[in-house]
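Enquirer: Given the coordinates of chain A, work out where chain B should sit on it, guided by the hints.
Protein chains: 2
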Amino acid sequence: MPTAAIIGGGVIGSAWASRFLLHGWEVRFHDPAPNSETVLRKVLDKARRWVPEVYDQLPAEGALTVCGSIAHAVSFADWVQESTPERLEIKHSVLGEIQASCPAETIVASSTSGFMPSELQAGSSRPDRILVAHPYNPVYLLPIVEVVSSTVLAEETVQHAEALLSDIGMKPITLRAEIPAHVGDRLLEAVWREALWLIKDGVATTQQIDDIMTHGFGLRWAQKGLFETYRTAGGEAGMKHFLEQFGPCLQWPWTKLTDVPDLDEELIDRIVEQSDAQAAGRSVSELEEERDANLVAMLKALRQQDTAAGAFLNRLGASP
Amino acid sequence: MPTAAIIGGGVIGSAWASRFLLHGWEVRFHDPAPNSETVLRKVLDKARRWVPEVYDQLPAEGALTVCGSIAHAVSFADWVQESTPERLEIKHSVLGEIQASCPAETIVASSTSGFMPSELQAGSSRPDRILVAHPYNPVYLLPIVEVVSSTVLAEETVQHAEALLSDIGMKPITLRAEIPAHVGDRLLEAVWREALWLIKDGVATTQQIDDIMTHGFGLRWAQKGLFETYRTAGGEAGMKHFLEQFGPCLQWPWTKLTDVPDLDEELIDRIVEQSDAQAAGRSVSELEEERDANLVAMLKALRQQDTAAGAFLNRLGASP
Numbered sequence: 006m007p008t009a010a011i012i013g014g015g016v017i018g019s020a021w022a023s024r025f026l027l028h029g030w031e032v033r034f035h036d037p038a039p040n041s042e043t044v045l046r047k048v049l050d051k052a053r054r055w056v057p058e059v060y061d062q063l064p065a066e067g068a069l070t071v072c073g074s075i076a077h078a079v080s081f082a083d084w085v086q087e088s089t090p091e092r093l094e095i096k097h098s099v100l101g102e103i104q105a106s107c108p109a110e111t112i113v114a115s116s117t118s119g120f121m122p123s124e125l126q127a128g129s130s131r132p133d134r135i136l137v138a139h140p141y142n143p144v145y146l147l148p149i150v151e152v153v154s155s156t157v158l159a160e161e162t163v164q165h166a167e168a169l170l171s172d173i174g175m176k177p178i179t180l181r182a183e184i185p186a187h188v189g190d191r192l193l194e195a196v197w198r199e200a201l202w203l204i205k206d207g208v209a210t211t212q213q214i215d216d217i218m219t220h221g222f223g224l225r226w227a228q229k230g231l232f233e234t235y236r237t238a239g240g241e242a243g244m245k246h247f248l249e250q251f252g253p254c255l256q257w258p259w260t261k262l263t264d265v266p267d268l269d270e271e272l273i274d275r276i277v278e279q280s281d282a283q284a285a286g287r288s289v290s291e292l293e294e295e296r297d298a299n300l301v302a303m304l305k306a307l308r309q310q311d312t313a314a315g316a317f318l319n320r321l322g323a324s325p
Numbered sequence: 006m007p008t009a010a011i012i013g014g015g016v017i018g019s020a021w022a023s024r025f026l027l028h029g030w031e032v033r034f035h036d037p038a039p040n041s042e043t044v045l046r047k048v049l050d051k052a053r054r055w056v057p058e059v060y061d062q063l064p065a066e067g068a069l070t071v072c073g074s075i076a077h078a079v080s081f082a083d084w085v086q087e088s089t090p091e092r093l094e095i096k097h098s099v100l101g102e103i104q105a106s107c108p109a110e111t112i113v114a115s116s117t118s119g120f121m122p123s124e125l126q127a128g129s130s131r132p133d134r135i136l137v138a139h140p141y142n143p144v145y146l147l148p149i150v151e152v153v154s155s156t157v158l159a160e161e162t163v164q165h166a167e168a169l170l171s172d173i174g175m176k177p178i179t180l181r182a183e184i185p186a187h188v189g190d191r192l193l194e195a196v197w198r199e200a201l202w203l204i205k206d207g208v209a210t211t212q213q214i215d216d217i218m219t220h221g222f223g224l225r226w227a228q229k230g231l232f233e234t235y236r237t238a239g240g241e242a243g244m245k246h247f248l249e250q251f252g253p254c255l256q257w258p259w260t261k262l263t264d265v266p267d268l269d270e271e272l273i274d275r276i277v278e279q280s281d282a283q284a285a286g287r288s289v290s291e292l293e294e295e296r297d298a299n300l301v302a303m304l305k306a307l308r309q310q311d312t313a314a315g316a317f318l319n320r321l322g323a324s325p
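Line by line, the protein sequences give chains A and B.
Here the working numbering is used: the first residue of the first sequence is 6, the next is one more, and so on.
Here the working numbering is used: the first residue of the second sequence is 6, the next is one more, and so on.
Chain A extracted, bound-state conformation (with noise of 0.2 Å):
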């Protein structure tokens, strides 16, 4: 059996526990916060409660062992995930205690969603064993994961983590080149930015804003991407013809996209309460069961559909 050591807990490192735990690795979790078997375990009933709706057949779970201690948890791994909280120092300080302790050859996964791998592996003495893997909410369920690695990993250790994401039913798409917040942050952070202006400049409500995207493009996005939905709007004029007709548009005094709001207590108070009022009284975790609920909905929905966007999906349910 393959093990994989979690270290760092919370939402994202008990999701890639429950994820490893569901596709039959053994799992050792380390976390010193104290409630952080409790979110462990609530994630993980969830995680057991989806995962098997979207797959065929799944293996028998692995073991779940709580480790006092990261020597302890990584002695043995074949793949170390670093979850811990978004501060460089407490990453250098939680990756120098795991390559101490952890095999020669094993791979440190780091979920950072802004951190270039170049600056996790600053000071390790085995930088060409860190890369970034960086996972999307749910991770129990949603299948992205994005593998940033750098000038000093060998292209082998590369496909070898991606083999073992894989393995355990994700989606990993490679980036050739490392920057701040890789490629779907980047492009969460510029629809933020935007959003945040139409809320500060009362356009819109933050009800108006989910609904246009879950009744609009949003339900584009789910099955095809980007550019994708623009060679279809182009038409047969083509790709070419669409990017001449839309470039000139990017000239458009649409100034509020290049500025940065400012996210002060006025802004945030707007917020909060257009969000307490769009929520209307279900908590969090209603939330959460109904974004379940309706991703295996989805997720099952496209997995009949006999296209390039089923494909990968379809994958899943043949998958050991």
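The reader is advised that the hints may include incorrect statements.
Same chains, same names: a pair is fine if it fits in one copy or spans any two.
[Said to hold, decoys possible] Calculated lysine-lysine pairs in the DSSO-like style (CA-CA distance at most 30 Å, straight line): (1) K245 - K51; (2) K205 - K245; (3) K96 - K305; (4) K305 - K51; (5) K305 - K176; (6) K47 - K205; (7) K205 - K176; (8) K245 - K96; (9) K205 - K305.
Calculated directly from the structure, the hints in this document are not laboratory data.
Expert: Same frame as chain A, but now just chain B:
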């Protein structure tokens, strides 16, 4: 039978015509382009194939009349939908011609993705009957429509427009303020701009960006928008906690987000090449077919979900 006049065809105008027809309206269609009726018939075929799969029941299809002039098309219309090219002088000329012949109380809605109602109303003798109703492609399947009014419109005119758009299965989102590009396209433009940087800098390919969307946050946004997703991610500590944590990120050195990339020939060629590789020989009409089949499968799946996200979609099935 209510009558809609569709002025300007193409992908958008033809899909508006199809939506009205399939919801039982009479449609009078005008577009001077020689191939406009061919495009209309093609889009209508797609709509006839897919729309009945989403609805439990639809009224008998309305009658379609192709008209040789704007005057002929609009003379007794209950609603006029203008979808001409995105140039203000064309819009002014067409809107003038429409209002010269349509009933005085008829609402004239523009599909414009960029112009504000006040810009469209300039020079009109009945500016209070002109508003924006901006849909998303494919218009016959995606429910969203942004309704943008201006200070010269009476509240009851806007309410009338909302009721009428709801009658053809749409979810109108009425915006409180007019800004260039409304709301959805501002969010899309933010993503588009950042995506262009990622391609230009060689960080990711069009295929990788699309994969990150379709296997990641696209699946989130098909059923929970930006704010509800973040509310959930914030955990029981709530939206305020999430915002306070996320706030500082806006100041991080992700400078590319605030620059406008130059869409020069080199970048256009790179995108075209990557997009061609991604399509792998599939024609635009095959891509459209995949898109529509996937959308229908997802909409049907979401309709089965007893959640807020499924509520509107369920109403689709119940509408006459």
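Enquirer: Which constraints among the numbered hints does this structure fail? Numbers only, ascending.
Expert: 3, 6 and 9
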